[in-house]
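Could you fit the two chains together into a complex? Lean on the hints.
So the protein sequences, as listed, match chains Y and W.
The numbers in my numbering rise by one with no breaks, and the one at position 120 of the first sequence is 120.
The numbers in my numbering rise by one with no breaks, and the one at position 76 of the second sequence is 76.
If you are wondering where the hints come from, they were derived from the structure by calculation, not from laboratory data.
Where is the CB? At the ideal position from N, CA and C, for every residue including glycine.
Incorrect hints may appear among the rest.
Per label pair, the in silico range of CB-to-CB distance [as the list claims (entries may be wrong)]:
#, chain 1, residue 1, chain 2, residue 2, range
1, W, Gly68, Y, Thr3, 12 to 22 Å
2, W, Pro85, Y, Pro73, 42 to 52 Å
3, Y, Val88, W, Leu116, 15 to 25 Å
4, Y, Arg138, W, Leu70, 19 to 29 Å
5, W, Gly68, Y, Glu136, 31 to 41 Å
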Amino acid sequence: MKTHFITAFITGLVFGLGLLVSGMANPDKVLSFLDLAGAWDPSLALVMLGAIAVGVVAFTFIRGRSQSLLGEPLRLPTKTSLDSRLIVGSLGFGVGWGLAGFCPGPALVALGAGEAKAAVFVAAMLAGMGLFELLESRKSTSN
Amino acid sequence: MTIDWVAFSPWTALAGGLLIGLAAAMFILFNGRIAGISGIVGGLLRPQRGDSLWRVLFVAGMLLAPLGWLFFAQLPTIQIDAGYPLLIVAGLIVGISTRYGAGCTSGHGVCGISRLSPRSIVATLAFMGTGFLTVFVVRHLLAG
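Bound conformation, chain W alone (with noise of 0.2 Å):
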């Protein structure tokens, strides 16, 4: 294993995960709710009465961090390597797998490990386990 030092930002890094968890902290706090974005999303898709308008909110609220950003700084690099095939299948994969895991990075990666749910901390290796697998596959495998 070499780490790229060059590209480390543990100062950022640090800093954008405890915003992370101060929306977490938020939404618990304020709302009740656990920010996993999955199921925020997902569920607009089982529309109840009375539950829609605060999913759309939150993922409104996403939707405008880039141009809240804008206001004091430019848009750190977005670099998206993957081309619009893959996109669509790990897209559809993304989609339907969270769901039936009902979490993702969020929902079980943050907020499930932080309220120490055992299916959470379950959850999380094995989306962990699987993503370095598959970059390892598709990395050094299949370019190799």
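Excised from the complex, chain Y in its bound form (with noise of 0.2 Å):
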């Protein structure tokens, strides 16, 4: 098996026990970080730093480079314009993660858990990008 499999899966459970350790994977703690104007938890502000702390230094690195170190492509995002697609996707992702307090990754670690809920929502969000995808290529048929 190609060594980049394995990194991909050591990433995710690296990623998942992160998000365990923070709280994030607790709506109810990303809620509390979310009320301004309640009892407000800043905790999720701290977890954002640090993972950006980290980040720069590897993104920093990584740039002006043409592969990563296991010699893959690098796969870095090109456009650079901001869109609506862009703005309103990520209003509409903030009503979304407000309402129940799941974001994509915490839905899945809670999942793994073994929460029910969070099995309804990662359900539900697979349909909201399936429900994507269709409206894509239907646009690229009818184009």
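What follows is the structure, encoded as structure tokens:
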């Protein structure tokens, strides 16, 4: 098996453990962070800070290289313009996030922890993503 | 604004953040990819030859993280107050809009900001903004 498959698995595992340690996998804590007008729990700001601190080093290191340390091609986003899809999509994502306190990663981890409610959220999320694919394919065939 | 000092958990938050950052770093350094969960999962619904296995393995790692955790300690609290109808609505919205917005908290919030992408900075400000706003409306206007 190629090494990058193993690193994909380990990365998912480390990511999941990070979400558990940080408290992000707990929707109640996420909503306490998003509730500025209530009893505010600023913890998740530190999650972002810690993650970005490490991320900056890695992305700075990789900049200008043409391939990863394992020789995989670098697939960085190429789009740089701000478009309405990005903005409307992101605005919408925040609404969904604020309604239940789940974003995609934590929902997967909570599902792995055996939470039935997380399973329902993930199923709905997959349906939403499927709907996106459907609308996209319809658009490309009608053009 | 009142800070909930009892709930505030700076050290575990920071430690978890460092682990998330480590995962994002590993993924770009080894696999040459952005560790964006919505993109990784969404890509499974647009299957292309040779492009699915790494996604499945990444998701499997995330799903198995709680099991790995159980070898060392009891699982931390996961409290989900939302009822099933709300979870379905929220899940649908998160699914469709993270694909339109080309990312979520991980892809834009962690990786995008780490590489100083203007698109990701705007996206993060947008979803944080509506996240704060939504909780304000639900907890203080509707429930008020």
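Task: Structure versus earlier hints - violations, ascending order - done: Checked against the structure, the only hint that fails is number 4, while the rest are satisfied.
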